[in-house]
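Protein chains: 10
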Amino acid sequence: MLKKIEVTEAIFAIKKDKQLTWETIANAIGMSTVWTTSACLGMNSFTDSTADKLIEYLGLPAETKFSLLENPTKEWDKSVPQDPLVYRFYEVVGVYGDTLKEVIQEKFGDGIMSAIDFTMSVDKEENPKGDRVVVTMNGKFLPYNAW
Amino acid sequence: MLKKIEVTEAIFAIKKDKQLTWETIANAIGMSTVWTTSACLGMNSFTDSTADKLIEYLGLPAETKFSLLENPTKEWDKSVPQDPLVYRFYEVVGVYGDTLKEVIQEKFGDGIMSAIDFTMSVDKEENPKGDRVVVTMNGKFLPYNAW
Amino acid sequence: MLKKIEVTEAIFAIKKDKQLTWETIANAIGMSTVWTTSACLGMNSFTDSTADKLIEYLGLPAETKFSLLENPTKEWDKSVPQDPLVYRFYEVVGVYGDTLKEVIQEKFGDGIMSAIDFTMSVDKEENPKGDRVVVTMNGKFLPYNAW
Amino acid sequence: MLKKIEVTEAIFAIKKDKQLTWETIANAIGMSTVWTTSACLGMNSFTDSTADKLIEYLGLPAETKFSLLENPTKEWDKSVPQDPLVYRFYEVVGVYGDTLKEVIQEKFGDGIMSAIDFTMSVDKEENPKGDRVVVTMNGKFLPYNAW
Amino acid sequence: MLKKIEVTEAIFAIKKDKQLTWETIANAIGMSTVWTTSACLGMNSFTDSTADKLIEYLGLPAETKFSLLENPTKEWDKSVPQDPLVYRFYEVVGVYGDTLKEVIQEKFGDGIMSAIDFTMSVDKEENPKGDRVVVTMNGKFLPYNAW
Amino acid sequence: MLKKIEVTEAIFAIKKDKQLTWETIANAIGMSTVWTTSACLGMNSFTDSTADKLIEYLGLPAETKFSLLENPTKEWDKSVPQDPLVYRFYEVVGVYGDTLKEVIQEKFGDGIMSAIDFTMSVDKEENPKGDRVVVTMNGKFLPYNAW
Amino acid sequence: MLKKIEVTEAIFAIKKDKQLTWETIANAIGMSTVWTTSACLGMNSFTDSTADKLIEYLGLPAETKFSLLENPTKEWDKSVPQDPLVYRFYEVVGVYGDTLKEVIQEKFGDGIMSAIDFTMSVDKEENPKGDRVVVTMNGKFLPYNAW
Amino acid sequence: MLKKIEVTEAIFAIKKDKQLTWETIANAIGMSTVWTTSACLGMNSFTDSTADKLIEYLGLPAETKFSLLENPTKEWDKSVPQDPLVYRFYEVVGVYGDTLKEVIQEKFGDGIMSAIDFTMSVDKEENPKGDRVVVTMNGKFLPYNAW
Amino acid sequence: MLKKIEVTEAIFAIKKDKQLTWETIANAIGMSTVWTTSACLGMNSFTDSTADKLIEYLGLPAETKFSLLENPTKEWDKSVPQDPLVYRFYEVVGVYGDTLKEVIQEKFGDGIMSAIDFTMSVDKEENPKGDRVVVTMNGKFLPYNAW
Amino acid sequence: MLKKIEVTEAIFAIKKDKQLTWETIANAIGMSTVWTTSACLGMNSFTDSTADKLIEYLGLPAETKFSLLENPTKEWDKSVPQDPLVYRFYEVVGVYGDTLKEVIQEKFGDGIMSAIDFTMSVDKEENPKGDRVVVTMNGKFLPYNAW
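Going down the list, the sequences are from chains A, B, C, D, E, F, G, H, I and J.
With the working numbering, you'll find the first sequence wraps up at 147, consecutive numbering, no jumps.
With the working numbering, you'll find the second sequence wraps up at 294, consecutive numbering, no jumps.
With the working numbering, you'll find the third sequence wraps up at 441, consecutive numbering, no jumps.
With the working numbering, you'll find the fourth sequence wraps up at 588, consecutive numbering, no jumps.
With the working numbering, you'll find the fifth sequence wraps up at 735, consecutive numbering, no jumps.
With the working numbering, you'll find the sixth sequence wraps up at 882, consecutive numbering, no jumps.
With the working numbering, you'll find the seventh sequence wraps up at 1029, consecutive numbering, no jumps.
With the working numbering, you'll find the eighth sequence wraps up at 1176, consecutive numbering, no jumps.
With the working numbering, you'll find the ninth sequence wraps up at 1323, consecutive numbering, no jumps.
With the working numbering, you'll find the tenth sequence wraps up at 1470, consecutive numbering, no jumps.
It should be emphasised that the hints constitute simulated quantities derived from the structure, not laboratory data.
Nothing here was measured: the structure is a model prediction, and the numbers come from that model.
Glycine residues also receive a C-beta, built at the ideal position from the N, C-alpha and C atoms.
Please note that a few of the clues may not be correct.
Said to hold, decoys possible - A few chain B residues facing chain H, derived, Cβ under 7 Å: (1) M148; (2) T220; (3) K221; (4) E222.
Stated by the list, open to error - Simulated pairs of lysine-lysine, DSS-like, Cα-Cα distance not exceeding 25 Å: (5) H:K1032 / I:K1192; (6) B:K271 / A:K124; (7) I:K1192 / I:K1229; (8) C:K372 / G:K960; (9) F:K800 / J:K1338; (10) B:K165 / A:K107; (11) E:K606 / E:K653; (12) A:K65 / A:K15; (13) D:K459 / D:K444; (14) G:K886 / A:K4; (15) H:K1032 / B:K151; (16) F:K864 / E:K695; (17) D:K445 / D:K459; (18) D:K444 / A:K3; (19) H:K1107 / A:K78; (20) F:K738 / J:K1338; (21) I:K1179 / E:K604; (22) F:K859 / F:K751; (23) J:K1452 / F:K842; (24) F:K800 / F:K750; (25) E:K641 / E:K591; (26) G:K897 / J:K1388; (27) I:K1254 / A:K78; (28) B:K212 / B:K151; (29) I:K1180 / H:K1033; (30) A:K3 / A:K18; (31) G:K947 / G:K885; (32) E:K591 / I:K1180; (33) H:K1032 / I:K1194; (34) H:K1094 / J:K1430; (35) F:K788 / F:K800.
Chain A extracted, bound-state conformation (with noise of 0.2 Å):
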């Protein structure tokens, strides 16, 4: 029975090797580059059809699919990241953390944007100073339960 890290050599190993992208993966299997590349690093699982659709495209094994489906444990190495690209989300966190808890309460009240029933993209926005990284979290609010 693979385990999903070797899954996810198998996927890196191919990739490279058809000089594909997370993007034209993403876009075979007709799910977000974001969740896609997540998934095959890991760290979601796939339905049925996009395990399928991903084993057809890039030729994996039939073996593969359990794992793909597989629910999986969420864990980082790193309590604080290191890698500067990382570290950089952790430090907005940390300096923004209460600016996010000021702004989305008045917003929404007392509650919080769910990590789960969740989405992410990242887009190029090009800029003759320099493109920028542009980061989009779109999370359902959770009210607090009073009972």
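With chain A fixed as given, assemble chains B, C, D, E, F, G, H, I and J onto it according to the hints.
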């Protein structure tokens, strides 16, 4: 000399007393809600003119201006945040950190999204199944240097 | 402007003075004992009407209302709790965390139990070999999104 | 001599191969789903007869019996769990820890809920707004000793 | 309302002033030295009658009774203790933890020693090569439940 | 050259194969159960004659002698132990650490209990309400030096 | 597909075998010593042409090129470094961190020095009292954005 | 007796009141800007004559001299710094630590750069694409001793 | 009742006022400099006669005697020290810890050096290349017990 | 290419096989016991001639020379050591750290003891009450620079 935290407390007191929102304050000084909130919380420095507008609009004592202009030390209390609203963003960074790295670097090359040359907004997306929080981060792409 | 912790201390003082229990306070405001206790400890926000009832029942000063309505910052002191009563619950999460994941996801699919759209109760089960504590947690199942 | 982790992996392989659920396995050995899952994950020890039933039902090699009977070392990887399903329970302990202490000790006196003389169940509560996870913990109350 | 720490400080002041020992205080209230000390340090709750005896013997103000009866929150400052006397006990747990597990479970089966239904004593064993500290812990064995 | 951990594994295999207990092994080599167990777990060094007896009694290969004599590096995995049996002892040190300091130093003066010139035993105290674990620690008192 | 760490090990082996220095390797590929070393250690990505030059100069297998071009994950082992040479730089950041903030922001305004648009060199300054290490860091100033 | 932190606060107050910069203060006492700033922040000790000059130039009370001369305890708050300006330097040490070790020891042999016999300067390099921060560290090379 | 820290502050004030050194204070009470300093810092307890001598020599208030005699709680702030002077000793323990274990146990057998039955001195060794600090630790060897 | 750890293991094997001590090995290569042990453990680098002597005396393979000469990365496993022998030295640094700072800086001025230009020895002091371990550290005093 007032500390930033003391000015923040003064702003909170007036805001509650006058029943203001961060959005009305932001409009009054002509800046975005997120930036205005973060600057009022002491995590960004005001420019000369935004400080003047804030002081006038809220009726803050003139002596607060110095603190509003001061460069903040941006620090946070818990390395792993605990308040559920803030934690969900930390979780997004943990779960999707490697995905963000893959997708951003695929689109832009080896480098990072700046958290300094950076803006962020929070919007409400109405939805019959429950309104959604939309957080948009926009940071300049900074390519790594080889020398 | 009173801080939530100050209101909590005021509630404790009155509760002891009048020899009240959390259960009688909860009954007086028409809410559950667990929620009422957590809101009095400053970990949940009162609604307008429950705040009014609490103020009236306990004879709290009117100025506490603002704090009772305020959205709490939910933080705790020790990442690994030490008080034996609280630690045992942490231990249950440690020992049975993977079990909960297996069983919940088997019954519901890939997703989580919400800790926001959530209720909890504590009951006493009489037993000749020693009474038993029954804690019931009830949270909405949130399926992971694919997009 | 097989380690518990090796027996767990063997159980997972058979479970997937035969398309079993934890619930069917639990029924086959006459124990609850939560306990059976935790014991199969190596976090509880089987009794002689439940080990025999499990071996027979799953067709495990006889040599696994010794490991199934062995007393487990109950340890977990992350002091603060990261997988969102498990984290939410940790968050409940953080947010409601003091509340649980107040309410349990109000009902029972100074003492704790045992995590050893303890049972737990997971149920599904159907709900048109979204099904709900119901987790019930039941532990003996242990009063503190004075001596 | 006095906090437990304030009552502890009052007890220390009287104890020093009257040149009492923990042993004489314990004898006066008819409890063991270890328990009496821990309760005076605020780590155990007094019963009604032991509180009365302590107040009378030491001449504590009547208002301390409430705090003496209160259920303590049992927390400690350093996860890894530093004071050499306390550290040596931590070291014993580290060095002999697995040994205690092997030997206790060999004698009693799968379960633990309760730290709640628990007593402890400290004795002096005279010895020409240097007196010896004898610490005796006595806790109820709690077998793990299968359900 | 065998590592201590390899000899420990060999001892466990023989112990299970021959259905021995730590107590019978200890009797065979004329040492206490606690010390023998800890030495077999690699946390204490055998003397020449106890190593010979152990090798003969268990039928260990002669080449294990060197490892049995070797001075152990005494380290443990989790700074805060997690297995419930071991954690309860850690909790005792946390809850009663200051009490032990008060009581020991009252009886002996300023100093500590040695964890090196130290013995420990585990006994079973039969009790109709449930048997009790009795752990006795006996360490030389070491007074602090002034120079 | 070779991992970066494997290519690093191959480079070390050739470097030792051919008695090369980082400086000669850097000269051969026309880049600085610091950058070349960091890229060979897997902490920066080669460009197409520098990868070709390195492969040719060192006689690396062609299959290493892919890894040399790959974007590195920049992580380090110890949050607080221990090797004395590295620790001294950590200490400089600790001791002089606030000083750097004061002086840089006095000269440049509110913002930071980029660690991405960044170069660094190491030079030897001969000195009769003992040669001196001169480390020069050069990073673009990035002003904070207000929006 | 004034603590160093109190003198630092007094210096900050005068500096703001008189609109001074660290550079003008440094020039007035004939020392570098970086050293002067760090000494005013309490992280270095003044010599007798620099203390006199500082007191005279700023008009500090004479009683501050003792504190200015006092040897500082050099400690910092966050093991991993959070303020973005300081964090970037920490990141440089993390990303380039092994590189610094390779390059310095290649140039100098086995040893370290002293952080005690050490100077540092901060300069501004004008650049049409954005000015650059130039930080130069200069420390004596200390070879390891063999004995 | 004065706390040890308050007595330490009083000693520092007098020491500075009278321009004393630790060495002169130590000579006045007939003890070593290291021990005297540590006891004045509150990390060791005075004997009756050394307390009297200290009080007389420094002119401390009589009420300080109780605190001087009190057994200290020996704790320190940073698990990994930061002040460079203290850190270097921590580094020595890190770099040479296993070496000390090898060499001491080779000379003495399986056991440890006591940190309780222990003395330490600091001397200056004059040297034309730079004076040297000589720290001598002297602790009783304690052999491990087998029982 | 052999790693230092592999050479260390080879040295241990020969040392045990030939029944050598660190002291005899040190004598054979004309260096001190402490330094020789630390270099054999991989925490210091050999010079060309001491490496040759060690290889000849122990009969190590010639290929080990490269590793013996290599500059070590000096890292340790546990930030707070656990083995009792090593912990006691950590405890000495914790308990006496501030004392060492006071006494060394009183004798030498503001600066530190070098851990690089440093020697250490371990001696046995015979004593009828129990032999004593004498550890002598000798490091160059490094005064802080003002610039």
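Pair hint outcome, D:K459 versus D:K444 [Cα-Cα no greater than 25 Å]: OK: D:K459 and D:K444 at ~23 Å, within 25 Å.
Is the straight-line distance between the alpha-carbon of F:K788 and that of F:K800 25 Å or less? holds, 10 Å
Does A:K124 sit within 25 Å of B:K271, going by the straight-line distance between their CA atoms? holds, 23 Å
Within 25 Å, alpha carbon to alpha carbon, are F:K864 and E:K695? This hinted pair holds, its Cα atoms lying about 17 Å apart.
Pair hint H:K1094 and J:K1430, alpha-carbon separation not exceeding 25 Å: holds, 21 Å
For the pair supplied as a hint, D:K444 and A:K3, confirm whether the alpha-carbon distance does not exceed 25 Å. It holds: about 20 Å lies between the C-alpha atoms, which stays within 25 Å.
Agreement of H:K1107 and A:K78 with the hint, judged by alpha carbon distance not exceeding 25 Å: holds, 17 Å
E:K591 and I:K1180 were given as a pair; does the straight-line alpha-carbon distance stay at or below 25 Å? Since the Cα atoms of E:K591 and I:K1180 sit roughly 23 Å apart, the hinted pair holds (cutoff 25 Å).
Holds or violated: I:K1254 to A:K78, with C-alpha atoms at most 25 Å apart: holds, 22 Å
Taking only the CA atoms, is the gap from F:K859 to F:K751 under or equal to 25 Å? Status holds; Cα separation ~23 Å.
Against the 25 Å threshold, does the CA-CA distance of E:K641 and E:K591 hold or violate the hint? holds, 20 Å
Keeping to a limit of 25 Å between CA atoms, is the pair of E:K606 and E:K653 held or broken? holds, 20 Å
The structure meets every hint from the earlier list without exception.
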